[in-house]
Structures are given as C-alpha cells and as structure tokens.
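Take the sequences, apply the hints, and build the full model.
Protein sequence lines, in the order shown, are assigned to chains A and B.
Under the numbering used here, the first residue of the first sequence carries the number 1, and numbering increases by one thereafter.
Under the numbering used here, the first residue of the second sequence carries the number 1, and numbering increases by one thereafter.
Everything labelled a hint here was simulated from the structure, so no lab data went into it.
Hints are supplied without guarantee of correctness; some may be wrong.
Pairs count within a copy or across copies, as identical chains cannot be separated in the list.
As the list claims (entries may be wrong) - Each computed EDC-like pair below joins lysine to aspartate or glutamate, with the alpha-carbon atoms no more than 16 Å apart:
| id | residue 1 | residue 2 |
| --- | --- | --- |
| 1 | Lys133 | Glu249 |
| 2 | Lys132 | Asp276 |
| 3 | Lys132 | Glu237 |
| 4 | Lys185 | Glu146 |
| 5 | Lys199 | Glu331 |
| 6 | Lys132 | Glu249 |
| 7 | Lys241 | Asp218 |
| 8 | Lys2 | Asp53 |
| 9 | Lys185 | Asp68 |
| 10 | Lys185 | Glu69 |
| 11 | Lys191 | Glu146 |
| 12 | Lys241 | Glu210 |
| 13 | Lys265 | Glu249 |
| 14 | Lys121 | Glu150 |
| 15 | Lys191 | Glu150 |
| 16 | Lys78 | Asp65 |
Since the model is a prediction, treat every value here as computed from it, not as a measurement.
Number of protein chains: 2
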Amino acid sequence: MKILLDMMGGDNAPLAPLAGAAAAVKAYGVQVVGLGDEALLKKTAAEHDIPLDGIEFVNCTETIDMCDEPALAIRRKKDSTIVVGLNMLKDGGGDAFVSAGSTGALHVGTSLLVRTLAGVKRPALATVVPAKKHPYLLMDCGANVECRPEMLAAFGVMGTCYMQQVMHIESPAVALANNGAEESKGTPMLKEAHQLLKKTPGIRFTGNIEPRDVPNGDADVVVCDGFTGNVILKLSEGMAKMLLGMLKEIFLANLGGKMAYLLVKKGLGGLKKQMDADEYGGAPLLGAKQPVIKAHGSSKPKAIQNAIRQAKLCVDNDLCGKMQQALDTLEAEREKTASQSDAQ
Amino acid sequence: MKILLDMMGGDNAPLAPLAGAAAAVKAYGVQVVGLGDEALLKKTAAEHDIPLDGIEFVNCTETIDMCDEPALAIRRKKDSTIVVGLNMLKDGGGDAFVSAGSTGALHVGTSLLVRTLAGVKRPALATVVPAKKHPYLLMDCGANVECRPEMLAAFGVMGTCYMQQVMHIESPAVALANNGAEESKGTPMLKEAHQLLKKTPGIRFTGNIEPRDVPNGDADVVVCDGFTGNVILKLSEGMAKMLLGMLKEIFLANLGGKMAYLLVKKGLGGLKKQMDADEYGGAPLLGAKQPVIKAHGSSKPKAIQNAIRQAKLCVDNDLCGKMQQALDTLEAEREKTASQSDAQ
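Following this line, the structure appears as structure tokens:
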C-alpha cells in the first residue's frame, strides 16, 4: 500500500511528516510517497538520522500557504504538494493522501481533483474528538459552514460507515447536535434534519444530543453543520486547554502543589493522553471518492503516524466503496418514498 | 427597592428561593415580594428557621412547569407566579423580577406583559460565563435561536450597557463569535453582522473571536445568535463538568491521590469558585422594558441571592433607561446612514 504524504504542510514541516512517515513505515509496513522539496527533505532526514526505507520522494516546487485563497491556489499552484498529491491519488499513484496543510485548499482540491461519491456535493470534514466514555466522530466540523437537512442525513450515513470500518464499532449511535433533546427543538433546518435522520436506513439514530452531553461521549457520531461543528471542536479544545492550564498553575504554585503533582502524575498523564486528539490521527474528508486525511496543522510526528495508520485502515476496509453502497441505499429509499408520495 | 421573586421556580424551590431571599434582605437591604403558595412558603420558612423580615408574600395558585408550552402557559395560567410577577412589575408593584422557572415562559411572558424597549423585537438572554481572565457576557444564549444581523448589532449595544452599568467595566470589548478571525469568515449573516458591528456607535468592537479563545475571557461581551450561544454556554458547562469529574476520579483513585488532594485543596477550591456560574447570579433578559433576571434552574440559595443582587444593580443604575438611550443613538445613526445613501 502506498500512502501519499504532504511533507510541507503544517507548523512542524518537514521534520514532523518525515519522522511520522518513518515511524509509520516501521509500525504498519506501508510505503510512503513524500511530496515536497526533495533536496530539503533529504537534508532534513540526514540531519535528524531519519531512516528513509520505504519512503520515496516526489519533488514539488510549490506549497500552498495558509493565507492563500483555497480555490485560487488549487487552480494556480499546479506543482504544489496538495495539487500533485491529489492528482496522483486520482491517477492511481497512491491509495490515500495525508496532509497537515491548508484545510480549505485540501477541501476544495479534493472536490475538484479527486471528486466526490455519487450523491455527495462536497466532502465533509469529520474529526474524532476525545470524550469521557470514548471518542466520538464529529461531522461536519468546518468544511460546509451551512448545510441542508439532506446533507446532515448523509453525514449520519457516512459517519456510521467510518465508525464501523475504521473504528470497528458495530452499531454506532448517531445523534444530532441541538439545543434541546425534544425533536421540536432547534432551527427549521435542524427540525427537518431530525425527521430525515429518523427515517434514514442503515443508521442507529438516537435523537438530539445537547451540547452539555457531547463531552460525555454518549453518541458515537455527532452530526451538525460545519459552523456548529467548528464551534464544538474548537471550544472543546479551548476549554480543555484553559482548565488543564489552570490546573498546572495550581501544581506549580508552591511546594505542596509540586508534591501533589508527583503523587497524581500517572493519573494526570492518563487524562492528558485520553484528551489528546493526536492519538486518533487526523480528520478524514468523508464523501471523497478516495481516502483523504487532514492532519492537524500542529501535528507532531505521532499525529502524522496516526493519520497514516488511519489512511491505511480506510484503504484496508474499502471505506469509500462501502460508503458509496450506503449512500446508494439512502438514495434508493428516498426515491421510493418520493414515488410513493407521488402515487398518493 | 422591591424585588419580585418567583418562589416556585427551579429545581430547589421553594427552599432555595426562600433562603436566598432572606440572605439578600440581610446583605443588600432590599425588600422581597415572594410569589407562590403562601401556606407552603410560610410552612417551609418555619421548618427551616428562615427569617421573613423584609419579605412579603403574594399568593399564587398556579405554577408554570418545564413541560408547559410557554406561549400557551402565559395565556392560560393567569394566576401563575410568572404571569402575576411580570404583571406586578409592569404595574409598578416591584422594581425587578427574578425567576428560576421556565426560560421559555419567562421569555414569552416578558415580551407580552413587560414589553420591550423601542427598537427591540424580543429580549435576548444574556449570561455571565466564567472564564480564565475574567467572566464575559454571552448573548444571546438561547432566547432567539435565529437572528438577523441588526439583532447582533443591538446585542453589542445592550451587552456594552450591561457590562458598564452592572459589572462596572468602563469600555468593554465586544467580539463576534465566529469560525475564524478574518472578517470574511462565517455564514452570510455573520459577515453582515461583522460589518454592522464595526459601524455601531458607542461600542468597542474588537472583531471576531474564535471559539477556542472564548474561554480565555479576552472579550467582555461575546455576541452570537441564540443557537450558537446555547452551544457555547452548555458545552462550556459540559466540558468543565467532565474534566473536573475526571480529575476527581484521579484524586479518589488511591491513597496517593487523596494525599495530593489535601495538598492542593485550597487551589482547587479557588478554581471551582472561579468556574462557578452561581457566583455571577442569573441571566438578564436584555431588551425588556424593566429588569427581568432568569436564575439557573438548579439555583441554590447563593445563586438566588446573587440574582437578587444583580437585579438591584440593574435598578440602582437605571440599566433599562440607559439601554434605551444607547439603542436610540444606534437607531438615529442608522437613519442618518440610510438618508445619506438615499441622497447619493
């Protein structure tokens, strides 16, 4: 299996992608095709003693920056790591693409170059978010700021597929993020989405989930529009950072605090690991024809390694193929309902 | 000054409102008019040795339950604590109304009975939310699920007034909750709201605030629609509850944890106090003609006492009068801009 990896994307490039790729080759036996400035990559690998077994490079002369306008960058920067990588994916030069670069460019590029599954207009960004009981899949968390009710129903189907194929959860609970448990709650769009999700075949819809219950991990898939998902994802990160930061201050405040820290260091380490998004890899762009994974911009080697592992699982389990089957079933069901109501 | 208090609203009624009222009378020298089942209130006060100096009762034979449909309940339950209290407020029988009862009924009842300031269609629910640097005012946090851009601009004006008059912050920073710092970010509604807020007179607009930065307390007033505000408020509560709960488990896990807890008990107490919304009272319904405060449904005596203190501050500083002046200035500015663009 060949995983295409953007070596120039993210805050810690190219060192983190290089080290993550080397670790992934060793751990999962994959081959990695690294896209980027070949001379720089070879020099960096040599300087840091990173073994290049199983890694080949494809030289790219351009990179897409965070400040580039996504659609324009995809059209103009033909030799950028994202454009070259996505084109190689489409043409069979690799089985999946991983990048910690610009989310916007990756999203637009995936839509334009890799294309979407039948029935999906634009891919959704799905993120595995740490929670108390177990992590949950949040989608969309930023790619589609505004959504129609049918899109949320499709997110339920795609999220279910992902949790089954990649996270090995047999019958994931799908919930709709809303400002109340009753089905009458929320905006008109959410009320309609609730009714659609109730009728969606092949998913286990458990109803609305209130924001206060989301961090418990009661649902396996939390469905929402990209604006709300972005708020949930970023506020969860912000709250965890603030509270753990304030806790750190308490432990550092005096000798008693420092002694206390030593006593609970192991437990706190476990908590930190459980809350660490890097453990779960990146955010898959679900609805793309082939696996595309967005790694966090601040990815360290471990996060890149986990994103490659995640890409491998998508390929191993034919995620995109199974997702197309599930979407086809949804579409057939819709046509059946439509023709029944026409007949009446 | 007379504060009207719903004695039957909230999970801990009537004991918490009774005890909170007695504490407020003692601490702030206000008079309290308690609305509810007079016989039950007198019996409960006697059983718990709660002094009734400064408290008078107005007997109400009905209460509005959480399951009642708000608009219907306001029309039908004429002798409920909320309807009687809001009518007394309107008719000069008290200076402010405090209730821990149904948010929906209080919102609808305030609009219908107390009415709104000129230029405000429906009041917004504003909540003081704990954060790292200092608490911030979040509005709307649930009353108006969908908002127009002009409403968000008015929230900026009303939130500024509240922070100046009640929290004594001279020049509060107003920010728009959005999924990116750039003004081009967000839904079309948010882009338009950003432009309006930039031009709004009498406020210090600092631009968009990303959800991850909200818990830092960088802004004094965070403006958003009621759906987004509800997500921010409830998710903040949920995340704090989850993380502090997991921390508690670590401290209780073994002898080392218990010793560690004793060493940092004081610091953790300070953290808990800082994160405790009860410290800041309730959520004012801003835009109402007279002060109406929604206390949290789970309010304990301290939260009721603080909500009464907050109501007193609104009255002392003529919050509603100053808010009307500020809204009039906003309206005059809008008319000036409109006539200028007509003239062009």
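Hint check results:
In the homo-oligomer, the alpha carbons of Lys133 and Glu249 lie at most 16 Å apart only across protomers (13 Å), although the nearest pairing inside one protomer, at 27 Å, exceeds that limit. With identical chains, the CA atoms of Lys132 and Asp276 are at most 16 Å apart within one copy only, with a shortest distance of 12 Å there and 21 Å across copies. In this assembly of identical chains, Lys132 and Glu237 lie within 16 Å of each other by CA distance both inside one copy and across copies; the values are 14 Å within and 14 Å between. Only between protomers do Lys185 and Glu146 lie at most 16 Å apart by alpha-carbon distance; the minimum there is 12 Å, versus 18 Å within a single protomer.
In this assembly of identical chains, Lys199 and Glu331 lie within 16 Å of each other by CA distance solely inside one copy; the values are 12 Å within and 47 Å between copies. For the homomeric pair Lys132 and Glu249, the shortest alpha-carbon distance between copies (12 Å) is at most 16 Å, but the shortest distance inside one copy (23 Å) is not. For a Cα distance limit of 16 Å, the shortest separation of Lys241 from Asp218 across copies, 15 Å, qualifies, whereas the shortest one inside one copy, 22 Å, does not. When the C-alpha separation of Lys2 and Asp53 is checked against a cutoff of 16 Å, the pair qualifies only within one copy, where the shortest distance is 13 Å, while the shortest distance between copies is 80 Å.
Taking the shortest alpha-carbon separations for Lys185 and Asp68, only the inter-copy value of 14 Å comes in at or below 16 Å, while the best intra-copy value is 39 Å. Taking the shortest alpha-carbon separations for Lys185 and Glu69, only the inter-copy value of 12 Å comes in at or below 16 Å, while the best intra-copy value is 37 Å. For the homomeric pair Lys191 and Glu146, the shortest alpha-carbon distances inside one copy (15 Å) and between copies (13 Å) are both at most 16 Å. For the homomeric pair Lys241 and Glu210, the shortest alpha-carbon distance between copies (14 Å) is at most 16 Å, but the shortest distance inside one copy (22 Å) is not.
Both within a single protomer and between protomers do Lys265 and Glu249 lie at most 16 Å apart by alpha-carbon distance, with minima of 15 Å and 13 Å respectively. For a Cα distance limit of 16 Å, the shortest separation of Lys121 from Glu150 inside one copy, 11 Å, qualifies, whereas the shortest one across copies, 32 Å, does not. For the identical chains of this complex, Lys191 and Glu150 are intra-copy neighbours only, at 12 Å inside a copy versus 25 Å across copies, given an alpha-carbon limit of 16 Å. For a Cα distance limit of 16 Å, the shortest separation of Lys78 from Asp65 inside one copy, 14 Å, qualifies, whereas the shortest one across copies, 63 Å, does not.
Comparing the model with each earlier hint shows no violations; every hint is respected.
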